[in-house]
Each structure stands twice: as structure tokens, then as C-alpha cells.
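Chemist: Residue strings, one per chain:
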Amino acid sequence: MKQISVFLENKPGSLHKVLQKLKEWGINLRALALADTADFGVLRFIAENPEEVAEKLKQENFTATITPVIAVGVEDRPGGLCEIVGLLAEQGISIEYLYAFVSPQKDKAYVVLRVENPEQAEAILRKKGKEILEKIPV
Amino acid sequence: MELLPREELQKIQLNRLKKILVRAYHNLPYYRKKLDEAGVDVYRLKTLEDLKHLPFTTKSDLRKSYPFGAIAEPMHNIVRIHSSSGTTGTATVVGYTRKDIETWAELMARTLCGCGVTEEDIIQVAFGYGLFTGGLGVHYGAEKLGATVVPASAGNTLRQIQILKDFNISVLCCTPSYALYLAEVARENHIDWSQTRFRLGIFGAEPWSEEMRAEIQKKLPIQAFDIYGLSEVIGPGVAFECEEHQGLHISEDHFLPEIIDPETGETLPEGTEGELVFTTLTKEGTPVIRYRTGDISALYYEPCRCGRTLVRMKRVASRTDDMLIVRGVNVYPSQIESVLLSFDGVEPHYQIVLTRENYLDKMEIHVEVSPEVFSDEVKKLEQLRNAIQEKLKAELNLSSEVKLLEPKSLQRTEGKARRVLDLRKKEGSK
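Heads up: the sequence lines are chains A and B, in that order. Position 106 (the first sequence) corresponds to 106 in full-length UniProt numbering; numbering is contiguous. Position 135 (the second sequence) corresponds to 135 in full-length UniProt numbering; numbering is contiguous.
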């Protein structure tokens, strides 16, 4: 799965400027996270047609980039995420960041993971019968 | 010397100028080349007026001579090296013979004396000691004068204040912005100045205004004096204010000043503003002929009310080039630019923002982040920012804060880019 990341300056209105554009283009955000530091922020989100959206953002002078991420289904119970992270840890795969979003399905949650080697991580998770999404369900 | 009639002074100047020209011609290949190209015969100088036919020396001449090409003596005659700024190949290096060090101490003693320092005083030198000429220059002058020197060097303000109090300091030497900062810290620590002998402040190494003088004198129990110098000429001790505060007296028996039109190079008449140019008359280690300082000033030959006949220069408030003085350190925007461009993917669009916080200069470098270098991982962006900060510090000898910006967020102009936003000017008078 592909994620779009946008660099945000730390000043009032930065996030609004990006969201305003996405609204104009009729782009619906499926999942998102905002990372912030004292000086700048990074908006990460998942939407339909990521390449096209990233291209449009670049044309509007935003710094946008496409990052491969894994969206994995997690059972909605205590320890569900722990199990997934454990599988990766066993194989020595470290996680850069992750964020979660809800699923319209009952008893299911989804987690977006950024790891250094997504193919390898996907293979490990698939082998254990975990659900890897190609597309986020609406 | 300070009271000499102008005619006699000029005789001494001419005599010394003839000697220094011949010496520079024979001992400095870069200078000989310059003179030969200009078709000047150093033996045919007749009057001080003839000086205007000699070629200028620029900072870039001295840089090209890095490290020792501007030293006119064999190394065994050189007892000290000073350097303008930083550890980069673009610094200007100046060598001093034993006699130069003695001359410098003498001039600095004259300077301190002119500001009212006596051998009864205890002087705290809070200029940096090192390649920078401020600390050691003042130090030797104060010893020569017979005052008691406390070589505190720069930094650690609480300790500086403790010393001021405990050692019965009467005179403080530092940059004017540091004096204001020290005053603030002292106020926060409820220092009662009436319990001290503190009476004089001698400030230099950065441009400052009359408003700033008033502010310093309001916050500290002192009279504030401006001194002037530059490492390429000798260091502090080139010129000083007397109690009249009507410009700075130049020690003309050692430095021959001129004011030129920075565009045409033509010598300008008395009282007209232009670029200050110096010829050293006695320096052995690194003599400079018609050195263009880049400082804008004017000269006044009318004798001062204090009785000194030495010419007075207007205090320096601006420069001809884009050199910035940040916490006493010389910084060229081009130095910053070359550091930034050494990082792949950093855009050539940047802005240098100078502010004054707690009376201390603060430098921020705003840099646009290009799509190539952008990572969605915060730690990689932070690594980039820290790497730029560290490299700038190593190159400039000065810490700054780097801020990453969105591309195209800095204003584009059709003409010359506005690289520097200097917001310090008015803050001193706040």
C-alpha cells in the first residue's frame, strides 16, 4: 500500500492549506497521522490514487512523497497489535512508525506500519495468516 | 604623539610610509606583483598625496595568501599568529613580530588611557582569547598601562558577574551586546552596583549605536567607550573614543587612514562618508597597503576639544559589502550558502534571520527542503537539520539554528535575493 507524506512548516495554517487543496480535488482521506516536532511536521495519509494526489500536491509547491507502507488487519482484542509487532520483532524488523484506523467491519482494526523492508515484513505477516490490505475498505 | 602638530605628524608618516613600501615590495611577492602590474615605483613616492596612486589591498588578496603568504618576515621573526574568523581556508592570517606585539600593546595602552583607564584600575577582559584579536590585544595593552588585568575571556555570565563584584573590577572590556546581556543577568540576580567600583566600559568588535550607549549607561553604573580595530590592520587599538565622544581618534602615527568612494576608488575629502582604508606604517609581520576595510566612515581633521590632534573617524554603523557581524564574528552569507549547497537536495533558497534575544545576537538559517531530500521519517529530517547546524558551526565558529521550510515559501524577487533579514538594529534601544 502507498502512503502520501507532506512536509509541513510549523506555522499556523500549514495543515489547513493542504487539506483545503484535498477538499477542492474531492479527495477523501482513508487514514491519517500527523507527526510533529518543535520545528516542522509531517502529514501522512492514505487516499485513492496516491501517485496522482502526490503529483498534484507537488504542482501546488508542496513537498510530497510516496512511501510504501503495510496496512495489516488486527483482531480487535487485547494483545492483537502486540502479536503483530512481536512477529516482526522476532525477525529483527524494526518499525519506524505506525498509526491505526478503525474498520467498518466489527471486531477488526487496521494498523499502518512503516518498516525498512516492507516486502519482507509483508511475507512474514502473510505466512502467519495475517490480512494485508491492498486497499482500505470503505 | 597624540598632541603632535599635523605637519610634524605628516613628516613622520611620510618617512614611515616610504620605508614600509620598500619593505613590502621586497618581502611580499603578492604585493610586488600588484605594484609591478600597476606600474608603481616604490622609490619615487614624494608626498603623502602620492598614496592615492598605489593599488588597494582587499580581504580577498589576504585570503588568497592563506596561510602565510601575507607575512613579510621569516617565520623565526614571527612570534604570534592571529586569524580573522573560523578554521576555513577563507580566513585571513596575520603574523606579528616581537616589535609588532610591543607596538600593539603600546597602542592598546594608549587606547585604554584615552578612555580614562589608569594603573589603579582592575580590568576584566571578557573578549574571547584565541585567534580572535580582542582578548589578547586588550590584555597586553592593559598590562603595558600598568593596570591589573583579569583575563576572564568570553562566556559564563554568572561567573563574570561574580568576578566583577568580588575582584573589585572597575573596567569591563567586551562587546556592547554582551554588556547589555550581563546587565540583564545582574538585574535578575539583584546585584547592587553601588557596592562595586565598576565605572568604565570599553566596547568594540561590533557596530553599535548612540541609543545602545544610552541603554548600557542606564543599566550599568559606567561610562561607555567605543574602540575600533580589525585583525587585518592590527586588532583593537586602531582607534578609540576620548571623553568627548566626538568620533574615534585614529593612531595615525601607525595607521594612515583614507576615505574612498567604494565604487570608483577615488579618495574623498574630509567629512565625506565613504569606505575606510588603512595603510599600516610600522607593522613588520603583515604590513598592509591601502587595505579596504569595507567599513563606512568619515574623517575629521579638526583638533578635538580633548587636545588631541589625531584625526577622528565617525563611528562605523554600516559596511560596503554583505559581511555580517554576529556576536563579534565576521560572517559572509556566501559562507553559509556554500555550506548549505554541500548538502544534496538542499535548495539554494535560504534566508539568514538575525535577531537579538536578551541582548545577544541570534542567527537563524531558514532553508527550503526539496522533494529529493524530503523523507517522511521525522528522524531523517532532524538528522539533516542537525548535520547542517553542525557543519555551519564548524565553518563559522558560531552556532545558529536551522529551520526547514516548505519549498517556494521564501519570497522570490526578480532582482538580488534578500538573503539577510537583520532585525537586531532597533532592539538595542528598547
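Careful, some of the hints might be misleading.
Here's a subset of chain A near chain B, in silico, CB distances under 7 Å, partners left out [unchecked claim]:
id, residue
1, 5
2, 90
3, 94
4, 107
Covered stretches of chain B, going by a simulated chain A footprint (3 or more residues, C-beta under 8 Å) [unchecked claim]:
id, stretch
5, 364-372
6, 380-389
7, 394-406
As a list, the in silico BS3-like pairs of lysine-lysine whose alpha-carbon atoms are at most 30 Å apart [to be verified]:
id, chain 1, residue 1, chain 2, residue 2
8, A, 11, A, 21
9, A, 21, B, 99
10, A, 58, A, 108
11, B, 46, A, 17
12, B, 99, A, 11
13, A, 2, B, 380
14, B, 59, B, 46
15, B, 59, B, 18
16, B, 46, B, 99
17, B, 393, B, 403
18, B, 408, A, 17
19, A, 11, B, 46
20, B, 46, A, 58
21, B, 403, A, 2
22, A, 56, B, 408
Just so you know, these hints were derived from the structure itself, not from any lab. For each residue, glycine too, the CB sits at the ideal point set by N, CA and C.
Chemist: Now tell me, hint by hint, if it's right for this structure.
Modeler: Cross-check of the supplied hints:
1. 5: holds, 3 Å
2. 90: violated, 23 Å
3. 94: Check failed: Cβ of residue 94(A) comes no nearer than 12 Å to chain B, outside 7 Å.
4. 107: With a closest approach of 31 Å, the residue 107(A) hint is violated.
5. 364-372: Satisfied; 3 residues make the cut.
6. 380-389: Check passed, 3 qualifying residues.
7. 394-406: Contact hint for the stretch 394-406 of chain B vs chain A: holds, 4 residues under 8 Å.
8. 11(A) - 21(A): holds, 17 Å
9. 21(A) - 99(B): Since the Cα atoms of residue 21(A) and residue 99(B) sit roughly 71 Å apart, the hinted pair is violated (cutoff 30 Å).
10. 58(A) - 108(A): violated, 35 Å
11. 46(B) - 17(A): Violated, at about 72 Å.
12. 99(B) - 11(A): violated, 58 Å
13. 2(A) - 380(B): holds, 19 Å
14. 59(B) - 46(B): Holds - the C-alpha atoms of residue 46(B) and residue 59(B) are around 28 Å apart, at most 30 Å.
15. 59(B) - 18(B): Judged against 30 Å, a Cα distance of about 23 Å means the pair holds.
16. 46(B) - 99(B): Distance of about 27 Å is within 30 Å: holds.
17. 393(B) - 403(B): holds, 15 Å
18. 408(B) - 17(A): This hinted pair holds, its Cα atoms lying about 14 Å apart.
19. 11(A) - 46(B): Outside the cut-off at roughly 66 Å; violated.
20. 46(B) - 58(A): At roughly 69 Å apart (the allowed maximum being 30 Å), residue 58(A) and residue 46(B) break the hint.
21. 403(B) - 2(A): holds, 28 Å
22. 56(A) - 408(B): holds, 16 Å
Hints 2, 3, 4, 9, 10, 11, 12, 19 and 20 from the list above are not met by this structure, while the remaining hints are.
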